[in-house]
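Novice: In order, the protein sequence lines correspond to chains F and G.
Residues 395 to 721, numbered by the numbering used here, are exactly what the first sequence covers, in order.
Residues 10 to 259, numbered by the numbering used here, are exactly what the second sequence covers, in order.
Hints are not guaranteed to be accurate.
To be verified - Under the rule of at most 27 angstroms between Cα atoms (straight-line distance), these lysine-lysine pairs were calculated in the DSSO-like manner: (1) F:Lys538 with G:Lys27; (2) F:Lys578 with G:Lys162; (3) F:Lys715 with G:Lys236; (4) F:Lys505 with G:Lys109; (5) F:Lys678 with G:Lys236; (6) F:Lys505 with F:Lys569; (7) G:Lys257 with G:Lys236; (8) G:Lys240 with F:Lys715; (9) G:Lys206 with G:Lys240; (10) F:Lys715 with G:Lys27; (11) G:Lys91 with F:Lys685; (12) F:Lys410 with G:Lys162.
Derived from the structure by calculation, the hints contain no laboratory data.
In this text the structure is predicted, and so the values were computed from the model without any measurement.
Chain by chain, the residues:
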Amino acid sequence: MNSVLVFVEQRQGRIKQSSLEALSEGRRLAKKIGSTVSALVIGNQIDSLVNEISKFGPDFVILVQHNALANYSPDGYRDAFLEVVKQEQPKVILVAGTAMGKDIAPRIAAKIDAGLATDCLAIEITDDAIIATRPVFAGKVLQKLKITSSTKIATLKPNTFRTEEVSTKAPSIKKITPQIDPSKWRAVLRGIQEPEAKKQDVSEASVIVSGGRGMKGPEGYKILEDLATALGGTVGASRAAVDAGWRPHAEQVGQTGKIVSPNLYVACGISGAVQHQVGMANSKVIVAINKDPEAPIFKFADYGIVGDLFEVIPALTREVKKLYGKE
Amino acid sequence: MKIAVCIKQVPDTSVRVKIAPDGKSIDAAGVEHVINPYDEYALEEAVRLKEQVAGSEITLVSLVPDKAQQIVLKALAIGADKAVHIKADNVPNDSLAVAKVLAEELKLGSYDMIFFGKKAVDYDNHQVGAIVAEILNLPCITGCTHYEYSGGKITAYREIEGGVEVYEVVPPVVFTQEKGPHEVRYPQLRELMAARKKPIATKQPNFSAPIMQTVELSYPPPRPAGKIVGKGVEAVPELVRLLREEAKVI
Ligand SMILES: Cc1cc2nc3c(=O)[nH]c(=O)nc-3n(C[C@H](O)[C@H](O)[C@H](O)COP(=O)(O)OP(=O)(O)OC[C@H]3O[C@@H](n4cnc5c(N)ncnc54)[C@H](O)[C@@H]3O)c2cc1C
Ligand SMILES: Nc1ncnc2c1ncn2[C@@H]1O[C@H](COP(=O)(O)O)[C@@H](O)[C@H]1O
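Produce the entire structure from the sequences given, and follow the hints as far as they go.
Specialist: This is the structure in structure tokens:
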């Protein structure tokens, strides 16, 4: 009745790192109110995930399995999730703020008349409410949003909450075969297109090397790919580069792109417009490489190099490789 | 096809926002409002579908203050045919309450397709579209970049981490819009004039009791001023040293 329920997302049997962050936060909240925390996993043939999830200290792991739930289905996952919510009647539901999390959380909120705070940076819990801190107005303002419905739902901003492995007693496992009827599903997943070269998504990367109009054209990104590879990161882009057709929208960082929070963000040939800034200002460390010493990006970058990126980036790649002993 | 597009006004994204003296709202003085960019993308997709399917009609539904009518007019000029302006000077920051009012109105129209933005870039709540769909018991695909229409079926493309989910759905359906491949058309003067003659119905909302409220707004701590490490290639070794020893990120 008083419990915390955390939705642990998996795709193709891989658990999302941000779900483990949510689980750790769920455990901390449960401790504060003296209740239990349950990890809910939906999918098919996912028994083997229990080990990894258990490290983060849930009291219960609820496995909802059905062969029609192997891939995400908005209708199917909502129905399976709701079945568990109705049984558990949790006080708080936490979901990682991923594409799947952002899709499913409002559906559950609607079905149980619950308040939903999205993209939370911090959560306080009291007897009858939660107060979520979240960025609003493109990160220019922080909001404290109080939710007083009997169940409260929050999606958590990835890369924000600390994961915490604990050694407690093993969780109890509940297995559920949900009462779902795939023939009634209306939005039907026909397939998942993956790019030819599998690439880490900017929203999940811990290092991003991003290029803007200063890259001059699509060919320019080769040197960014090399630097990203050397740093173990992925490539991002400004809207100017995406609108020019040099890079796919999936890589766009900013207000109408992705909001990222890596450890290291290297902005190359990006001026630092406010709409770009709001997408990356949460990065732990920002490096800017720009030939214009007056570029706004230097006002909020931690480290800057003024210079021609076509010279600086290859030099930086060489230096990083040297550091990691790859050359 | 009957298409609805829900649009909201947001402060122009490039302007500074100031917290009002009550500490819980934004000072409206001097703030310019624009159509939420994701709602504009949604409208663009709706207009493209309308151009493909003869006899289609686009209705705007907007729950905004009286003086926000200018955004409704602009959206009419971009390509909508008529509008329902539900007037409220103080729209509560409670997505469920807002969704219920919109759902009540949308139910009346028996729309084949209802478009929302994936989120409004004021409070970034990222939920109203999916909530409305669930209230109306309609299928819903969120965060779509674009669509293909053929033989009464719609294929919708939804970006996920590292890929694209491809959905197929038969109307009636709700979509929430991500930025996609299409640029929003810019209304010409002639269209802006014509928009003034398009019908706008006005209504009053009935809000349910709130379950969410803003208790405080504050400014995030500013990022500490950074440093220019140096100029050109010579600065690279020092940058790498700082990233390694000071920032400890590589
Ligand atoms: C509603 C709205 C939403 C938006 N959303 C986004 C968003 O999500 N993401 C986003 O990025 N933008 C967004 N924008 C656009 C934003 O305002 C800027 O136009 C955009 O970020 C500029 O991209 P840029 O920095 O790559 O290009 P520019 O501003 O043109 O900057 C290019 C930079 O490259 C430097 N440069 C050029 N050549 C070199 C070289 N050889 N070596 C080193 N430096 C060089 C230049 O000095 C310059 O600073 C949005 C705008 C609006 C109105
Ligand atoms: N007051 C409103 N009037 C009309 N549409 C709205 C309103 N609030 C939200 N919406 C729609 O819901 C989408 C998501 O908003 P939100 O969940 O508030 O981020 C927006 O992009 C609009 O399409």
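Novice: Okay, which hints does this one fail, numbers in order?
Specialist: 9, 10, 11, 12
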